[in-house]
Amino acid sequence: MSSFFLFVLTTLTVLMLVYLYRVVRGPTAFDRVLGLNGISTKAIVLLVVIGTTFDRVDMFVDISTGYALLNLVGALAIAKFLEERGEERQ
Amino acid sequence: MSWLGIALIVIGLFFLVVGSIGMLRLPDVFSRAHALSVTDSLGALFVLLGLAVYEGFNTNFLRIIVVLGLIYLLNPVIAHATVRAAYRSGLRPGKGDDQ
Amino acid sequence: MRILTAVILFALWLVLSATYDPAHVIVGAVVSALVAWLNPALPHMRRLSWFAALAYQPWLFGRILKSGLHVSRLILDPKLPISPELVRHKTKFTRDGELVALGNSITLTPGTITVEVAPGELVVHAIDEESRKDLLDGSFEAKIAGVFAATEGER
Amino acid sequence: MTFEFPLLVLLIMTAAGAIVVKDLISAVFILGSYSFALALVWALLGAVDVAFVEAVVGAGLATVFFLLTLFRMAEKDTQIRRPPVPWIAFVALPLLAILLLYGAGDLPAFGDPLSPASTHISPEYLENSVEQTRTPNTVTAVLMDYRALDTLVETIVIFTAGIACALILRRGT
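Residue numbers (my numbering), protein chains in the order written: chain S, 1 to 90; chain Z, 1 to 99; chain B, 1 to 155; chain C, 1 to 173.
It is worth saying that the hints were derived from the structure and are not from the lab.
Hints should not be assumed to be uniformly reliable.
[Said to hold, decoys possible] DMTMM-like mimics (lysine to aspartate or glutamate), calculated; alpha carbons at most 20 Å apart, straight line:
| hint | chain 1 | residue 1 | chain 2 | residue 2 |
| --- | --- | --- | --- | --- |
| 1 | B | K90 | B | D21 |
| 2 | S | K80 | B | D134 |
| 3 | B | K66 | B | D134 |
| 4 | B | K92 | B | E141 |
| 5 | C | K76 | S | E84 |
| 6 | C | K76 | C | D23 |
Isolated chain S, as found in the complex (with noise of 0.2 Å):
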């Protein structure tokens, strides 16, 4: 069963590669943003993937919540001043 576990996370990373590609190439720094959401989404479900390969979900599940807040914190926080400088700029 662990062979299946593993094909998962190589999965996942893989795509972590393609929004490493939107967050690389993204025309717009929204682009980039969106990229980040989706490589913080991707790391919080392979942490708990992770932890269910080691069987101690409950300590992989702590660090997954804890990057589910931040990531929350760090977006609005970007978000906020990608639109202050968007108005300044016009």
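Go by the hints and put chains Z, B and C onto chain S.
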């Protein structure tokens, strides 16, 4: 029970892959936000639900459900904040601003 | 209402800490009581009808699944048949609780995403004709009005 | 468990991307995703606290601070103009890499039970930490109990730096 979990995880992976393809193919910020919402709502839901079922019904099940609830409460806020910032800074959908 | 908040916080503590010796449980009870006591109760919780709120979740999940499959088909279609457009969506909601629930549900549903929120009007970005129609049939409003039906709170 | 490999590829690609990219705002976002990947590596190694700090500081705080700085700069300064790479770098860096790889060959294998680190002090921690500190996670026990003084001073440094940052940012508004 574990087979049900694995089936749910595979369904979730499908939606995650679809979300990534959408992230690559769709033309502008607003449409890409839709792809992200497919990933968040359905992909994360099925994968986490599958993991919870795979874990069996104990406290770990409840914890994974808590993470799921957080994703459901917080990710729409993030998507909305990003899209609103894009809207307010002058981007408009429809023309495909792929410079 | 504060007691309810404290009970919810305490349940969250029990789930997340998962050590049930007396010290941890007592600390959790004290902390959740303190947090509930220090914070003013949310004004919207008083109007929430809990049964409708619980019944709303499976319905919302059904909507998400349906439109998620639709958007997945759009994305995987080689011709990419999307027609994105901003829609001004009038609602009869003016209070924060309803607006947050409505905006969150719309954003959570693939195919539609809330761009701006103001009392009485939302600006929604819809990815194609079908998502737009789904939004306009007003079933979100009907359900959320049911969730916040208990209007004995004065506000 | 061979999952480290794709994660390390992701790590290297994010790090390289942050260097290669042309404007600073993208570099900041790529650094954010680098922090997420690095935190995942820590989590995979079982160091939950380090992963948490990496996520908080690297992906959260650092990104916000970098962006705060960038938005106070003129737009032309956020573009990077790089001088061409000197030719000696193409010789010296591969040599350095070979030297480091040669040195790394002498390190004990990862998780080797006979290496000095795993025979001297680690068994002590692993056997006694639960009853001595009543902390279920050994890494946390080492960080917060056995090295408490070290961690305390570290925390003081970080706290002072945080206060300084807050003061500087406040003076601007």
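Checked hints:
1. B:K90 to B:D21: Answer violated: B:K90 to B:D21 is near 53 Å, above 20 Å.
2. S:K80 to B:D134: 30 Å, violated
3. B:K66 to B:D134: Answer holds: B:K66 to B:D134 is near 10 Å, not above 20 Å.
4. B:K92 to B:E141: Satisfied, since the Cα-Cα distance of roughly 8 Å is no more than 20 Å.
5. C:K76 to S:E84: Holds - the C-alpha atoms of S:E84 and C:K76 are around 18 Å apart, at most 20 Å.
6. C:K76 to C:D23: 10 Å, holds
Hints 1 and 2 from the earlier list are contradicted by this structure; the remaining hints agree with it.
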